[in-house]
Amino acid sequence: MIPEVVQKIPLQYYIYLASALFIIGIIGVLTRRNAIIIFMSVELMLNAVNLLLIAFSTYRSDPNGQVFVFFIMAVAAAEVAVGLAIIVMLYRNIRSLDVGLMNKIKW
Amino acid sequence: MLSIISLSLFGILNLFLGFLKSRLILLPATLVFLFVALALLTQEWNQQALYFSDMLRVNNLFVSFSVIVLLTTVLVVGISRNFGDDIEYTHPAEYYSIILFSVTGALMMIGFENLIMLFIGVEILSVAMYVLTGTDKRNLRSNEAALKYFLMGSFATGILLFGLAMIYGATGSFKLGAIATYVQTATQYRSVSPLLYIGLLLLFFGMLFKVSVAPFHFWTPDVYEGAPTIFTAYMSTVVKTAGFAALYKLASIAFASSYGFWAQTLAVLAVLTLLIGNITAAYQISFKRMMAYSSISHAGYLLLAVVAKVPSSQSAILFYSLAYSLATISAFGVLIAVSERKPYEGNPDERYDAFNGLAKTNPLLAFIMTVSMLSLAGIPLTAGFWGKFFIFSAAVQANLTALLVIAVLMSCVGIYYYFRVIIAMYLKPSDNEGVIVSSGFKLTLLFTTVLTLLFGLFPDLVNRFF
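Protein chains in written order, with our numbering: chain A, 2 to 108; chain B, 18 to 483.
Simulated from the structure, these hints should not be mistaken for laboratory data.
The reader is advised that the hints may include incorrect statements.
[Stated by the list, open to error] Derived Cβ-Cβ restraints for the label pairs, each shown as a range:
id, chain 1, residue 1, chain 2, residue 2, range
1, A, V81, B, K154, 12 to 22 Å
2, A, F72, B, P45, 32 to 42 Å
3, B, V49, A, I95, 38 to 48 Å
4, A, I25, B, L218, 17 to 27 Å
5, A, V6, B, K154, 45 to 55 Å
[Unchecked claim] Just so you have them, the derived chain A footprint on chain B, three or more residues with Cβ under 8 Å:
id, segment
6, 86-94
7, 124-137
8, 140-153
9, 256-267
Just so you know, even glycine gets a beta-carbon here, dropped at the ideal spot from N, CA and C.
Extracted from the complex, chain A is given alone in its bound form:
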């Protein structure tokens, strides 16, 4: 059975792994300058959440968490579509994806 295989590893390890992925994502968003890479870091954060939800869901033998993962995937796909469209729109206008160049609006 799948749950038994998953449960051979203690739950804490899943939490550590997901948290590590999540923090890598946060650091990526805060430090990188390229819009696409920031975007990838956000996706990494979302996938860390998916991993965490699946781990909890399997440990509790409760399908709710896995259903939520499907919702997150679908919504993330919609977000990717909109996000890439915005990035393409910006690239057409300034021929660059460096967020450091965005200073038309003053802080």
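Using the hints, position chain B against chain A.
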């Protein structure tokens, strides 16, 4: 519940209306759709029901906040006169559809009973907002605002989701009721899982990000300034109303028992928001940017009512959102009219100076703006005064004296920057020519002004429902 279904269907219908000649009836059709949804919604007053496998709760809280959201949307659509002008580059059908879809998201956020529903509602609203922010495709400011909003917004979504996952790990459920039961028993026996505390904080941070509470406010001024003004008006009203309804539900239903844990944090953030919002707003030279900071400061007042968590908090948040939405729409409506008469550095003139001498050329618009500014500043005889009054009395009931003192002081700072517009309109000389506005536009703004004054004179019109 029917209103949510009908709005999503109307959104799709609206896309088909974008073909050929039927494009001309888009604006009236959207208004009709919104009124149908409003009518369906009022049918559910005083009903208690759960829909969609217990994921959506219809009760008076849902109906009342949804009515505010729909009313705001009607008014924003009412002043959106320029959508269809330039047929080649603009896509009016898509704008109206996205507005209808985003209202659906807002309604789901208000009525959620399951955290999955909250997440979907937040995302429908946010993704629609990213698109609307970037609708001015050839304007670099709009592009930049859209990208900033998108990157920061999806970052916030990630944080919110991690919080949800942690809460699920601690409680084993996404249902508000089950979470509340877990929190209550666990607090009683002092066996609260640390996962719950981490999750709760991250979930609140994600939500506070969406309603732009300091220190998560840094995207707000840029996005509000860069977005087309009509969508700034929409963003600053609908997102805030729905966001605070959701936040209030989380705080007062799901996590009511761990009040001692989150109240301190939120109180500190409320103080920070009030200070940063009001003091920075006083230094702005652009009116639109001032309105962005003012919306941050209003988030601070609303957060005060959430922190108070007394039974009257709900009606205080409701009345405040209503007063704030009405005044904000009038202010942005007048700004749209005024900013277009003389460009400044290639963009619409959104500085205070654009308002110079408006009282001479357009006394009506100047009056509408004055009422809206008085209401935002919280001067008596306007709805804004009663909004602040109810929030402050909720804070008194909860013994939040220190917070209250800061809030009152900061609303005095608010008077300074709101009155700068009034001074510019009535006292500063100018050679600007008058603004010509259509009658529908004028009618919408008059309606918001009349409502602001009416609720200022008779706050019981709203409050007797609670």
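Now for the hints, and whether the structure bears them out:
no.: 1; hint: A/V81 to B/K154: 12 to 22 Å; result: 19 Å, holds
no.: 2; hint: A/F72 to B/P45: 32 to 42 Å; result: 35 Å, holds
no.: 3; hint: B/V49 to A/I95: 38 to 48 Å; result: 41 Å, holds
no.: 4; hint: A/I25 to B/L218: 17 to 27 Å; result: 20 Å, holds
no.: 5; hint: A/V6 to B/K154: 45 to 55 Å; result: 51 Å, holds
no.: 6; hint: 86-94; result: violated (count 0)
no.: 7; hint: 124-137; result: holds (count 3)
no.: 8; hint: 140-153; result: holds (count 5)
no.: 9; hint: 256-267; result: violated (count 0)
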